[in-house]
Amino acid sequence: MNVILDLCAGALLVTALLTVWRRSQRGVVRVIAVQGVALAGLVAVVAARTGDANDLLVVALVLLLKGIVLPWLLDRRLASLGALSGVGAPALDDDAPLLNPTATVVFAAVLSIGAYAVVTPLLGDTGDPAVRLTPLGVAVVLIGLLAMSTRGRAISQLVGFLVLDNGIAAVAFFSSGGVPLLVEFASSFDLLLVVVILQVFTVRLKAAFGDTDVRRLKELHD
Amino acid sequence: MSAVLTGILQAIVLLLIAPLFIGVVRTVKARLEGRVGAGVLQPWRDLRKQLRRPPVRVESGGMLLYAAPVVGVATSLALCVLLPLVSRLTIIPADLFVVVSVMLLSAIAPALVGLAGGTAFGGMGASRHLTILALVEPTLLLAVYALSIPTGSSNLSAILGARIDRPALIVSPVGLLALAALVIAVIAEGARLPVDNPSTHLELTMIHEAMTIESSGRDLVWLELGSQLKLTALVALVGNLVLPWGVAAGAGPGLALGVVALAAKTLLLGGVLAVAEVGLAKIRLFRVPELLAGSVVLAFLAVAVSAVVPA
Amino acid sequence: MTDGFLVLDLVLGAVAVLAAVGLPGARARAVVAGGLTVLTGAAGVVAGAAALSGTASAPLRIGTALPGIELAFQPDRLGGLFLLLVSGVGVLAAASGIASAHGPSGSRSGWAAFALFLLGMQAVPAASDAASFLFGWELMAAASTALVLAEHAQRATVGRAALWYAVMSQASFALILAGFGVLAGKSGATSFASFAAVDQHSAAASWAFCLLTAGFGIKMGLVPLHVWLPRAHPEAPAHVSAAMSAAMVKLGAYGIALTIVRLLPHGPAWWGAVLLALGALSAGYGILRASVTSDLKVLLAYSTSENLGLIALALGASELLQAAGQPQIAAAALLAALLLCVSHAAFKAALFLTAGSVLHGTGERDLDRLGGLQARMPQTALAFGAAAFGAAALPASSGFIAEWVLLQSLVHATPADGRAPIIDVVLFPVAVGVVALTAGLSVLTFVKAYGIAFLGRPRSPAAADAHEPPLLERIVPLVAAALVFALGLVPGAVASALGPITTGTTGGAHPSEVIGVTLPGLDARLTPLWVLALAAAALVPAVIATVVSARRAPARSTALPWGSGGVLTGARMQYTATSFTEPALRVFDDVLAPTRDVAVTHAAESAYLVERVRVDVSTEDIVERRLYRPLTRLLDGLGVRARGIQNGSIHRYLVYSFAAVAVVLVVVAAIR
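Chains as they are written, first to last, in this note's numbering: chain W, 783 to 1004; chain A, 3 to 313; chain F, 188 to 859.
No wet-lab data here; the hints were simulated from the structure. Ideal Cβ positions, reconstructed from N, Cα and C, are used throughout, including at glycine. Where hints are given, some of them may not hold.
What the hints assert, rightly or not - Listed next, the in silico SDA-like pairs over lysine to any residue satisfying Cα-Cα at most 25 Å (straight line):
(1) A:K284 <-> W:V888
(2) A:K31 <-> F:P741
(3) F:K373 <-> F:S315
(4) A:K284 <-> W:L839
(5) A:K284 <-> A:V274
(6) A:K51 <-> F:V730
(7) A:K51 <-> F:A740
(8) A:K284 <-> W:R808
(9) A:K51 <-> F:V735
(10) A:K51 <-> F:A318
(11) A:K51 <-> F:I731
(12) A:K31 <-> A:L195
(13) A:K51 <-> F:S315
(14) A:K51 <-> A:L204
(15) A:K284 <-> F:D776
(16) A:K284 <-> W:R812
(17) A:K284 <-> W:V841
(18) F:K373 <-> F:R295
(19) A:K284 <-> A:Q44
(20) A:K31 <-> F:L852
(21) A:K31 <-> W:G809
(22) A:K51 <-> F:V854
(23) A:K284 <-> F:I731
(24) A:K51 <-> F:D776
(25) A:K284 <-> W:N882
(26) A:K284 <-> W:G809
(27) A:K31 <-> A:A283
(28) F:K373 <-> F:V854
Claimed, not checked - A partial selection of chain W residues facing chain A, derived with a Cβ cut-off under 10 Å:
(29) W803
(30) L880
(31) L881
(32) P883
(33) L918
Model the full structure from these sequences, guided by the hints.
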């Protein structure tokens, strides 16, 4: 059981790293789907420990929303953006990050270690293997923030936001051993709303500037 | 004495398997791409054909051009004997740091041959090859570090033994991270896609082929066989780390099973490699550092996590 | 025994100086003064070996003109090792100098300064108190500055290099003086034995550590204090740069080892972290610079910075582990540092001497204009290749053993029980990564250096007309290169001799071995001779197959066998050193910050036909550009302003003296 917990947690961290490492927006969307599944697996392990039936609903919700629906929405948006421009997709597919991926991924590793250094002393000496993983959730949150602040295009920024949200959820699961269904439901709904709004926004961005590079937004200032 | 015999056995097995491994990879790729392919024995036929031809060498090359290919293939062969592939009993302790530096040595031989040719391509190949080699090195050594932490030793036989005793080590996050990093390093070191395209002769893309482009006859045979041996040994090592079962604990009847298991694992991984390569394109040379930086981070996390989280 | 040979050493050195000044003919001077310098080195080798083996001896005391101050020399084991190293390199360099020193470096002052330089270098590790140490240090710095200046009339760059070197050496002296001053102030005496009484967790001890590290760091060429190194080494004559790089900079490492092993052996962990970080920075930056430079001697100078960085890294790891309560692994890390010192002395001496031979044979240092030297200078090529093997830390060489011990101590540093402090969890993997990157890049660097200079076709007429230097100049690098392999193949003998240094007075932690190295408590064992035997055994079938094949199909050779598919590929179309490292330069673009300038000259009246494209890639040292240039500008400004104080009036100068005396009186009155 602990092995599965460790593996899911490891997958969460590695997928978070992959989102800042890969340039391809499509690849990143695929990665976020894997992360959603890993998060669902994590919740499933925690649920199996507590044996709470409500938690199974949360598992289903996480799997459906974060593993399937949101990535599918993003992927569809990418496809339609490609169709909109009518140019070969690969060139458009690559993100144009503010910081090169090598530096970002090294920075992300430093952040992960930093999360361990800062959070581990706060936890005290509990024997619970799930609580022990809390720093990892914090690391995922930090990497999500990093992705959002260094990525150039709207979709990959959105992915960063999803990583951030997954990280917060993971911290909640690790530290408290579960989240009430209602809270999870509400936060998931929020997330869905944000994604839909941002999707509309990317279409507008594309229409206005012919690109989804959010740096173009500065032009509105002038 | 039995260690020497297992060593010799291992060398012979690897010499037989290595060209076959390349043949399998090429054939599987060809079939997946809808071609017939030249058959799994074609690398063997190529080597035999080249071995009969008189090599043509540059006059100014001197002794180096005679010696470097032979030394290169010998170090690759030594690598095959050094690693615990068929049996965990090795002639000298399979210290991973020694393994890595023997690999460095076998990588230098083609680079020197490339530079000795006195033309543009050889230098170009050597330059790219060594740059990638330098970038792979941190991944390799950090992966070694991560692998050695659970056993407290960098001896490969001990690491394999620990993995047989505690299979949980293999699927632990640390083990997987280290393995992922190691696989990327092996691909880069073995000059496979997406780092190098082994079937290209286009000057913009070739790395390994550019170094050997001025070589012919047996010189080419040694360089090719050396790189085939190295790649096969490394793939076999990965196979043994993933599935440590079947490797004989010492000399004796277990060796027969060891040979069969080794051949099966290697050729199976060859098939996997071929399937993966069909779906991959070579990445730009200056994107390779990004790939390798990612693998360094994976290896670093493997080390850091194993030091932070009690095993 | 040690003191007797130290006296002999001193006498021989003094006679060498006298002979250098007194003898008239250049040839006689080279043979007599050079020969005496060789003997001076030999006496130092014996004295060092005796001290290293722990032979007891009385201190050698020399009175000075100042009452109450005398110089005392009594090397302990650590000092003995470094005395052995610098003297050994001195023997090689002086022997090579007999054949190679021409013109200014073979002049009266040239040989006298070289003998004094050697004496100064020997005095430093032999010293047993701060005053004698500083005396030797200053002698070494002054004499080597004179030697760097030797060829100032030939090249304009020499003067600037010597100025940089002099300023940095004096800064180093001042910092070490201050560091020893702090310790002497706390302990009330100047002998090294009394310094150990200082409370090592006090602020004063940390101040002393920082000052000493900065002072010794300058001598070691640690980044960002390395700027003098790539200037002074290339401009000095070959035998001088060999002695400077292989011996003198190593005394900086001796100084740090002295500080953390003998003077302040129980310091806090952060000292180790500082040293480790500084070492990692130097190793990484040094080898990166070395890999992209095309000047052979500058390349070697930056590689020195890298090697000394690795030594500092090993010393830092040792200090960290000592503080973490892992004495066995700390001893292994210290052993690694010492092995790195020994190995670097051997291969860097050979490399600088052969670089000198290449310079003599072709008049070129620029790799981009060399090529094909293997056919023209076979013995030099052999020595350079073998030494480069050691520098790249390939198996069977001394460099490999040292790096193996270092890596073993690093990977055993974090126990797998999850209780390692977080700083160790970060520092040790980073250190392993840096050592690995360094190893990879040094392979790139030295394959480049060898491959471009010695293989391929000549890239300039000078390289095509290259010739071997005189016999002695060829043999000495070969001897040094042989040492690289001797140390690499029978490392046990060396390691067991160094063992007692690493484990303090207890000794015996490293069993007396000859061919193998075992690290107690680490479950690690290496016998390089067996690795070599294995490779030789693997060579047998390959050689047999080659011989059989060669009988059936003999090789043909032509001037240009395939020519990359063309026939008109000239020597200029070969890869040069610059193009060879272009990929590395682009990969590490952010660190090296090269400036590229492309100028396209179009053919007349055409926007499409290009007549000429000129690409300038300049890879200036960014540390120098970003850190030192503003600093020197500031100092320049201050100097200009200070000019106002001097107006030539003698009265004003007298007033200054008067004011100074008055201030001193007031200060004295205030303190009392």
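Evaluation of the provided hints:
1. About 23 Å separates the Cα atoms of K284 of chain A and V888 of chain W, which keeps this hinted pair within 25 Å; it holds.
2. Between K31 of chain A and P741 of chain F the CA atoms are separated by roughly 37 Å; this puts the pair beyond 25 Å, and the hint is violated.
3. For the suggested pair K373 of chain F and S315 of chain F, the alpha carbons sit about 18 Å apart, so the restraint of at most 25 Å is met.
4. This hinted pair does not check out: K284 of chain A and L839 of chain W have alpha carbons roughly 44 Å apart, beyond 25 Å.
5. Of the supplied pair hints, the one linking K284 of chain A and V274 of chain A holds, its CA atoms being roughly 17 Å apart against a limit of 25 Å.
6. Distance hint between K51 of chain A and V730 of chain F is fulfilled; the C-alpha atoms sit about 18 Å from each other, no more than 25 Å.
7. For the hint pairing K51 of chain A with A740 of chain F, the CA-to-CA distance comes to about 12 Å; that is within 25 Å, so the pair holds.
8. Pair hint K284 of chain A plus R808 of chain W holds up; C-alpha atoms about 18 Å apart against a cutoff of 25 Å.
9. A threshold of 25 Å between alpha carbons decides the hint, and for K51 of chain A with V735 of chain F the separation of about 15 Å falls inside it, so the pair holds.
10. At most 25 Å may separate the alpha-carbon atoms for a hinted pair to count; K51 of chain A and A318 of chain F exceed this at roughly 74 Å.
11. A C-alpha spacing of about 18 Å is found between K51 of chain A and I731 of chain F, which places the hinted pair at or below 25 Å, so the restraint holds.
12. At roughly 12 Å between alpha-carbon atoms, K31 of chain A and L195 of chain A fall within 25 Å of each other, so this suggested pair holds.
13. For a cut-off of 25 Å, the pair hint linking K51 of chain A to S315 of chain F is broken: about 70 Å separates their Cα positions.
14. Under the criterion of a C-alpha separation no larger than 25 Å, the hint pairing K51 of chain A with L204 of chain A is consistent with the structure, at around 24 Å.
15. Pair hint K284 of chain A plus D776 of chain F holds up; C-alpha atoms about 22 Å apart against a cutoff of 25 Å.
16. Restraint check for K284 of chain A and R812 of chain W: the C-alpha separation of about 20 Å stays at or below 25 Å, so the hint holds.
17. The straight-line distance between the Cα atoms of K284 of chain A and V841 of chain W is roughly 39 Å, outside the 25 Å bound, and the hint therefore fails.
18. The suggested pairing of K373 of chain F with R295 of chain F is violated, with an alpha-carbon distance near 44 Å, which exceeds 25 Å.
19. The suggested pairing of K284 of chain A with Q44 of chain A holds, with an alpha-carbon distance near 24 Å, which does not exceed 25 Å.
20. Proposed proximity of K31 of chain A and L852 of chain F is contradicted: the alpha carbons are some 92 Å apart, above 25 Å.
21. Restraint check for K31 of chain A and G809 of chain W: satisfied, since their Cα atoms lie roughly 24 Å apart, inside the 25 Å limit.
22. Between K51 of chain A and V854 of chain F the CA atoms are separated by roughly 93 Å; this puts the pair beyond 25 Å, and the hint is violated.
23. Under the criterion of a C-alpha separation no larger than 25 Å, the hint pairing K284 of chain A with I731 of chain F is inconsistent with the structure, at around 38 Å.
24. Note on K51 of chain A and D776 of chain F: the hinted pairing is violated, with a Cα-Cα distance of about 45 Å set against a maximum of 25 Å.
25. Note on K284 of chain A and N882 of chain W: the hinted pairing holds, with a Cα-Cα distance of about 20 Å set against a maximum of 25 Å.
26. For the suggested pair K284 of chain A and G809 of chain W, the alpha carbons sit about 16 Å apart, so the restraint of at most 25 Å is met.
27. The suggested pairing of K31 of chain A with A283 of chain A holds, with an alpha-carbon distance near 13 Å, which does not exceed 25 Å.
28. The suggested pairing of K373 of chain F with V854 of chain F holds, with an alpha-carbon distance near 22 Å, which does not exceed 25 Å.
29. Restraint check, W803 of chain W versus chain A: the minimum CB separation of about 5 Å is within 10 Å; hint holds.
30. This hint is violated: L880 of chain W has a C-beta 15 Å from the nearest C-beta of chain A, more than the 10 Å allowed.
31. Hint status for L881 of chain W relative to chain A: violated, with the closest Cβ pair at about 12 Å, above 10 Å.
32. Taking 10 Å as the C-beta contact cut-off toward chain A, the hint placing P883 of chain W at the interface holds, the least distance being around 5 Å.
33. Proximity of L918 of chain W to chain A holds as hinted, the smallest CB-CB distance being about 9 Å (cut-off 10 Å).
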